[in-house]
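Positions 1 to 347 (my numbering) are the ones given, in order, by the sequence shown.
Hints are computed from structural coordinates only; laboratory data are not their basis. Note that CB positions come from ideal geometry on N, CA and C, so glycine has one too. The reader is advised that the hints may include incorrect statements.
Pairs of lysine to any residue, SDA-like flavour, derived with a Cα cap of 20 Å [what the hints assert, rightly or not]:
| no. | residue 1 | residue 2 |
| --- | --- | --- |
| 1 | Lys-46 | Tyr-56 |
| 2 | Lys-46 | Val-207 |
| 3 | Lys-191 | Met-331 |
Cβ pair distances, simulated, as ranges [what the hints assert, rightly or not]:
| no. | residue 1 | residue 2 | range |
| --- | --- | --- | --- |
| 4 | Ala-99 | Leu-197 | 28 to 34 Å |
| 5 | Phe-282 | Pro-55 | 41 to 47 Å |
| 6 | Ser-187 | Asp-335 | 20 to 26 Å |
| 7 | Pro-80 | Val-175 | 39 to 45 Å |
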Amino acid sequence: MQSISRILRMTFSGAIIALVVWLMGDVLMVVFAAVLCAVVLHGLSKILVRHLRLPYGWALSAVICGLIGSAVFLVWNSGPAMISEALRLQDALRQQETALRSTLQSTPTGQMILNYLPASLGGHQAGGGDTSSLASLGSRIAGSMTGILGSAFGTIGTLLVVLIAGLYFAMSPAVYANGFLRLVPVSKRPKVRDLLLRAGQTLWAWVAGQSLDMLVVGTLSGLGLWFIGVPLALALGVLAGLCNFIPYIGAIMGAVPALLLALSLGTRETIMVAVLYSVIQFLEGNVLTPVIQRHAVQMPPALTVLSQTLFGAILGFPGLIFASPLTAVLMATLDGLTPKLDEKDQI
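Build out the structure end to end from the sequences listed, making use of the hints.
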C-alpha cells in the first residue's frame with residue numbers, strides 16, 4: 001500500500017508541475033533567464049574575488065561597470081556600423097529573395113516548387129491571400145535573424161525585467177536560495193541545498209563553455225566569409241556566433257543568410273560558403289566541443305536535439321533558446337538524485 005500511495009503522490013506531483021509549466025511557461029522562462037543572467041554576474045564576480053581578493057560586493061560592482069562600459073564602448077564605436085550592416089543585410093536578403101523567386105518562376109521545375117510552397121514562404125499555395133501583400137521570405141529571415149536579441153522575449157520591457165531581476169539575484173543569491181529552502185521540509189533541506197549548488201555550478205560551466213564556442217564560431221565564420229568575398233562578412237560572422245547559442249539548430253539559422261547572399265555572387269561562392277560552414281561545424285563538433293566539455297558540461301548530441309524539440313514545442317521560441325541550459329540543469333539534478341552505476345551494471 002505504501003508503494004502505491006507513493007506512486008500516486010509522485011504522479012499527482014508530476015501532473016501539477018506539468019500543469020504549472022504549461023500555464024506559466026512564459027513566466028518560468030523569464031525567471032530562468034534572470035537566473036542565468038545572475039549566474040553569469042556571480043561567476044565573473046567570483047573570479048575577481050578569487051584572484052584580486054576583493055569583497056564580493058565590490059567585485060560585482062566592478063563586473064557590472066565593466067560590462068556596461070564594454071557595451072557603451074562597442075555601441076559608440078561599432079554601433080552605427082553594425083546597424084548599417086544589419087540594414088544592408090536585410091535589404092540584400094530582400095533583393096536576393098526576389099531574384100530567387102524570379103529564377104524559379106522562369107523554369108518549369110521552379111514553378112512546380114512554388115506551387116508546393118505555402119504563400120507565407122512566397123509560394124502559390126493558398127492560405128494567406130495574395131503573395132504580393134505578404135512579407136517576402138528574405139525579409140522574414142532577415143527580420144528574425146537581425147532582431148533575435150530584441151524579440152527573444154517578446155518585448156524590450158521583458159528583457160529589462162530579466163536584467164534587473166538577474167542583477168538582484170546576483171547581489172544576494174543566498175537570500176533567494178535560503179528563501180526557497182524554507183519551503184522544503186527540514187529533512188530534505190541538505191539534499192536540496194546540494195542540488196541548488198550543483199545546478200548553479202552546472203549553469204556557470206555551460207555559460208562559460210558556450211561563450212567560448214560562440215566566440216570561436218563567430219570569428220571563424222566572419223574571417224572565412226571575408227576571405228571568400230561575401231559582402232557583410234562582419235555582420236554575418238556576429239550573427240553566426242549569436243545563433244550558435246542554440247546548438248545545432250542555431251548553426252543552420254546562421255548559415256541561411258550567408259548562403260542567400262552568396263547566391264548573388266555565383267555558384268562557386270555559394271559552394272565555398274556551404275563548405276566553410278560545414279567545415280566549421282565539423283571542427284566545432286569534433287574538436288572544439290569535446291575540448292570544452294572536458295571542463296564544462298557533457299551533453300549527448302541526441303539529448304540536446306530532443307530537448308530542443310521538447311522545450312520548443314512546450315514553451316515556444318524561448319524554450320528553444322534555453323533548451324540546452326535547462327537540460328544541463330536537469331541532468332545535474334538527476335545525477336544528484338540517482339545513485340551511480342557500478343561497473344558491472346553498465347552496458
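Now the hints, each set against the structure:
Proposed proximity of Lys-46 and Tyr-56 is supported: the alpha carbons are some 7 Å apart, at most 20 Å. Our distance criterion of 20 Å between C-alpha atoms is met by Lys-46 and Val-207, whose separation comes to about 15 Å. Pair hint Lys-191 plus Met-331 holds up; C-alpha atoms about 16 Å apart against a cutoff of 20 Å. The supplied range of 28 to 34 Å is broken by Ala-99 and Leu-197, whose beta-carbon atoms lie about 55 Å from each other.
Judged by the Cβ atoms, the range 41 to 47 Å given for Phe-282 and Pro-55 holds: they are separated by roughly 46 Å. Judged by the Cβ atoms, the range 20 to 26 Å given for Ser-187 and Asp-335 holds: they are separated by roughly 21 Å. At roughly 41 Å, the beta-carbon separation of Pro-80 and Val-175 lies within the given 39 to 45 Å, and the hint holds.
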